[in-house]
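4 protein chains.
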Amino acid sequence: MNERRTESVGPTLEELRQRLVDFAAARRWEPFHTPKNLASALTVEAGELLEIFQWLTPEQAAVVMADPDRAHRVRDEVADVLAYLLQFCTAVGVDPLTALAAKIERNELRFPVPGTPAEGEEVNP
Amino acid sequence: MNERRTESVGPTLEELRQRLVDFAAARRWEPFHTPKNLASALTVEAGELLEIFQWLTPEQAAVVMADPDRAHRVRDEVADVLAYLLQFCTAVGVDPLTALAAKIERNELRFPVPGTPAEGEEVNP
Amino acid sequence: MNERRTESVGPTLEELRQRLVDFAAARRWEPFHTPKNLASALTVEAGELLEIFQWLTPEQAAVVMADPDRAHRVRDEVADVLAYLLQFCTAVGVDPLTALAAKIERNELRFPVPGTPAEGEEVNP
Amino acid sequence: MNERRTESVGPTLEELRQRLVDFAAARRWEPFHTPKNLASALTVEAGELLEIFQWLTPEQAAVVMADPDRAHRVRDEVADVLAYLLQFCTAVGVDPLTALAAKIERNELRFPVPGTPAEGEEVNP
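Those protein sequences? They're chains A, B, C and D, same order as listed. Each residue of the first sequence is one higher than the one before, counting from 0 in numbering that gives the first Met the number 0. Each residue of the second sequence is one higher than the one before, counting from 0 in numbering that gives the first Met the number 0. Each residue of the third sequence is one higher than the one before, counting from 0 in numbering that gives the first Met the number 0. Each residue of the fourth sequence is one higher than the one before, counting from 0 in numbering that gives the first Met the number 0.
What the hints contain is simulated information worked out from the structure, not anything from laboratory work. Watch out, some of these pointers could steer you wrong.
Each computed EDC-like pair below joins lysine to aspartate or glutamate, with the alpha-carbon atoms no more than 16 Å apart [unchecked claim]:
id, chain 1, residue 1, chain 2, residue 2
1, A, Lys102, B, Glu14
2, A, Lys102, B, Asp66
3, D, Lys102, C, Asp75
4, A, Lys102, B, Glu107
5, D, Lys102, C, Glu14
6, B, Lys102, A, Asp21
7, C, Lys102, D, Glu14
8, B, Lys102, A, Glu14
9, C, Lys102, D, Asp21
10, C, Lys102, D, Asp75
11, D, Lys102, C, Asp21
12, B, Lys102, A, Asp75
Work out the full structure, taking the sequences as your base and the hints as a guide.
Rendered as structure tokens:
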């Protein structure tokens, strides 16, 4: 990914989550940041990201970042989705990285790699 | 946040993003992971997170994590939203942490803290 | 409902569906109106309707139509959601009224009125 | 549309809207049917409709109704979207047919048919 920095220079997810907490506190926005409102806002922003793609063919969608205006909108909506996801996680006390690591582990059992026997399956040599 | 681990022990966002890349590659799922499909899946999963809250009063929503079944669903949907967001970012070559940091900076100018003069505003001492 | 007209004077759902078919045909928009694109657009517009309410308290949301600007946005988003739903139905050959009537009948069995015995349930006189 | 009946035999939109009002009243569900909750539920159901299509190619999506299970899901989700849209309209006092007719008229001015001069444009004979 061309614009990615190594995590030692860029901010971590936890640092950004804390900046969002401070940002909302400084503006006294916490009363609006209920789990239900934040889940709504997350869905709305995901829809805005989808909106960029809704009339594009798969071919046009594949080169969406070649258009500077669209590329800016994509980055902007990605940021909004991530911001509301982190604020939601703060509101309900969930660590998103722990939740995702647990889900990946469940999915590795649920969708075994083709050719790999599923847990408990007999191998037929 | 009770279940959060410090980032030095838990996985980083970039490590989880890479695990998702490997997970999809091992199952040959990359052809499905177009930007448009992943933006759709992200919106669908955000809707599933919202579904948990749609009939709850603000009071019920505030204690959603006290119910073990709902708490599990919340963590599961948070994981799904984050997974599709990371896979979308991989597909379009966007670093979500850089995008969010840039957005927070823009928002700090756009929504100045009350009592703080906005950029370009005269201070009245 | 204050602004409702009786169906004998106003347009029917089928007349509006047909106007949307003609509207898209005159502008040669049919190639964009695939089921997948229209389902995306429907979700995006539903999100825009939700956006009006996302930061409102239940009390504020209850009087949303008292504000002329918000009332206009609500009517506009209702129209967009209905337009894409009808265009989706055209694309897949589903009659929305028949589909809804069938669903209400299933729901009447699935959620019996309290005090009414469910189908197959013994009545305890 | 193969399954469409003429409106003189099938139910009208207004009849179905009224049946939904009665359905909710009989089950004492009105307290849940706030505008905000119904806009959330509408978005969630639109997402469930989109979910059917999210991994399909345009070619697969074009024949979605050839698969009886998928066809049933599509009709079911169309019904859910329409039900929540009508219940939302009841909650805010908006007539969806009037709203859509007005929107189509605005769109006819906003997107003139190619070859047709826009309002106020000089015709060059």
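Hints and how they fare:
| no. | hint | verdict |
| --- | --- | --- |
| 1 | Lys102/A / Glu14/B | holds, 14 Å |
| 2 | Lys102/A / Asp66/B | violated, 19 Å |
| 3 | Lys102/D / Asp75/C | holds, 7 Å |
| 4 | Lys102/A / Glu107/B | violated, 34 Å |
| 5 | Lys102/D / Glu14/C | holds, 14 Å |
| 6 | Lys102/B / Asp21/A | holds, 15 Å |
| 7 | Lys102/C / Glu14/D | holds, 14 Å |
| 8 | Lys102/B / Glu14/A | holds, 14 Å |
| 9 | Lys102/C / Asp21/D | holds, 15 Å |
| 10 | Lys102/C / Asp75/D | holds, 7 Å |
| 11 | Lys102/D / Asp21/C | holds, 15 Å |
| 12 | Lys102/B / Asp75/A | holds, 7 Å |
In summary, the numbered hints that this structure violates are 2, 4.
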